[in-house]
Amino acid sequence: MSGEPILSVDRLSMRFGGIVAVNELSFNAERRKITALIGPNGAGKTTVFNCITGFYKPTSGAMRIVQDDGQTTQLERLNDFRISKLARVARTFQNIRLFPGMTALENLMVAQHNALMRASGLTFLGLIGAPSWRSAEQAAIDLARTWLDRINLLDRADDAAGNLPYGDQRRLEIARAMCTQPALLCLDEPAAGLNARESGSLSELLLSIRADEGTSILLIEHDMSVVMEISDHVVVMDHGVKIAEGTPREVRDDPKVIAAYLGTDEEEAIAVMESGT
Amino acid sequence: MSGRVSANPTASSQATHAPGIAFILKKALISALVALVLFSLMIGVRTEAGPEGQLIYWTRFGDLAAIVAAVFGGSIIIELLRQWWGPVGTVRVVPQPVQSALSLAGRLLPPVLLIFTFLVPVIFYNERYILDLGILVLTYVMLGWGLNVVVGLAGLLDLGYVAFYAVGAYSYALLATNFDLSFWICLPLAGILAAFWGVLLGFPVLRLRGDYLAIVTLAFGEIIRLVIINWQSLTGGPNGVTGIPRPTLFGIPLSAGDDGLAAMLGIEYSPTHRIVFLFYLILALALLTNWVTIRLRRLPIGRAWEALREDEVACRALGINTTTTKLTAFATGAMFGGFAGAFFATRQGFISPESFTFHESALVLAIVVLGGMGSQLGVALAALTMIGGFELFRGLEQYRMLVFGVAMVLLMIWRPRGLIGHRAPTVFLKHSQAISSDLVKEGHG
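Note that the protein sequences, when read in sequence, are chains A and B. Under our numbering, the first residue of the first sequence is numbered 1, with each subsequent residue one higher. Under our numbering, the first residue of the second sequence is numbered 1001, with each subsequent residue one higher.
If you are wondering where the hints come from, they were derived from the structure by calculation, not from laboratory data. Note that this is a predicted model, so its numbers are computed, not measured. Among these hints, one or two may not hold up.
[As the list claims (entries may be wrong)] Okay, derived cross-link-like pairs now, DSBU-like style, lysine-lysine, Cα gap no bigger than 30 Å in a straight line: (1) B/K1430 with B/K1441; (2) A/K57 with B/K1430; (3) A/K85 with A/K57; (4) A/K57 with A/K33; (5) A/K33 with A/K85; (6) B/K1441 with A/K85.
Build the full structure now, drawing on both the sequences and the hints.
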């Protein structure tokens, strides 16, 4: 089944009243690959994300996710928390949404809620301190420790998440999403607000997630250096429709993409490109 | 080490922010003027109906002058104090020995308080008033701990907590008087019934947040009370339920009869025995509440409650079912309220709807907020201050409420996030460090 894409979005549309945010968008995200969704501000990227992760109910269209074992889930039929729980889709947010008053370690423990809930016998086994619960809790702490180590935050495990520097919070949010053990990781502008060094280490982290965990990644990003460096496949959106798709190189040279980003029409963009090269 | 970096911030801030005498006098003058306008009619002129129904009045300019002078002087003193204290938010360097002494005191306080509570019936055996007050305080400690689960941990503002207290009390009263069930069978039943009502309340309010949630829970509390008043055939309406059986020590009544505990132990009967028994009963119930809450906080469900308070959207993105999480918080809090209600019924021997007014909900909520939301020790201290302190001011008669209100306002200025504002982490790798209240969210419902 490895040839099949993990996520197929088929003619997805989302309307808010009279405004069409996403119009008949179709694309695939390949398994164990990094797919980037790019486009100018207001292109509808985050709306697509919110549809995939269940925060919006799409007006029409289908989104299908196929797990490694071939189990298929129609995402548009599930709502919010079930997408993470059953379809194993995890996400991060454009404006970081950690639990600021909880420690970094606690943030990663909350992410393992569903597994721990089962291990604690829906709280009752945990309340009496059953040995099976204790070992499950230790395993959860170990997993959290592993992730804290991978994002270089082991020293600050017991600090409140709200006290961490911005770049650390970004990485912690990714680690938190990974602690839900997702098949597809959706990242909404993970490099926003990071400096060059930080976005470099972010690229490394994402590449290592793809290589070591086998997690497929779908990301929205404005930082082109990150997109060009790590993505295997790029989908370009403008005004709610897909205007181009392909490898980073193909997309970069596409006049339609340049036109969308520069806000000019196509002929001018070609002129700009030719004069530049 | 850090002391040297930010040394003497008070002195430097004084140098930059010291307004002159003129400023202080101007401020005091304005305050005095406002006081003059406000009190000129309230205090300066006193009116009364005369013997023939006409209005007679006389002036009290002396009192008025005294008040205005007090405001003027007070304003100057407050302004001077403020300068001495430095601007709000100044980082103060506490010397290392004082700091370690404070943290030691903080660590010793809970066990010392617990041991003292255990010894209260021994120390004050002959003082019925103190014992009764102790039982009252412990009842509110338990209610506070119960509500703390809903408000402090899950961040759901519940203004109708008294409803569950009432459900617990009436469950025990009706089950015991109608079916002759013993206290120890009724206690879990009262808890279960209250939890059931908690879930029932939870369902319609799941979509609501913040102020809207508070209004609906407030209404729920009133509905329960009105149902109790009007369902005369079951609850006895405003007359309440009388003749509620007293608790027994696992079947042995604490009475003067031959089968009573005193006779069995061969000691002389004293009515204090029952008071002492009730004291230890509510202490055990409160400690059970505390133990369960502390345990739950370290379990996934408790962490999910706190995560829900911090960020509900992020919870959903992590696959947490926010519906059941909220419902379990409501049910757990309600269950403890139900236990406390059953205890209340058995202690009083008589219950009526008058005991379950909004005032009780407000009082318990005030205890939780004053204590510091989520802090077990803070809630216990706040209950002691609120209930015990209120009794302490009894000598002040009609000014009792005023003094109490001022004390609360001052406390909230001094400690806006409650007595114990910081949060202790539920799990740690190396060392547990308290999290400042600035980071912890209050929840939005």
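Now for the hints, and whether the structure bears them out:
Under the criterion of a C-alpha separation no larger than 30 Å, the hint pairing B/K1430 with B/K1441 is consistent with the structure, at around 24 Å. For the hint linking A/K57 to B/K1430, the alpha-carbon distance of about 43 Å lies beyond 30 Å, and the restraint is violated. Of the supplied pair hints, the one linking A/K85 and A/K57 holds, its CA atoms being roughly 17 Å apart against a limit of 30 Å. In summary, the hint linking A/K57 to A/K33 is supported, as the alpha carbons are separated by about 26 Å, within the 30 Å threshold.
For a cut-off of 30 Å, the pair hint linking A/K33 to A/K85 stands: about 22 Å separates their Cα positions. The suggested pairing of B/K1441 with A/K85 holds, with an alpha-carbon distance near 26 Å, which does not exceed 30 Å.
The earlier numbered hint that this structure contradicts is number 2, and it is the only one.
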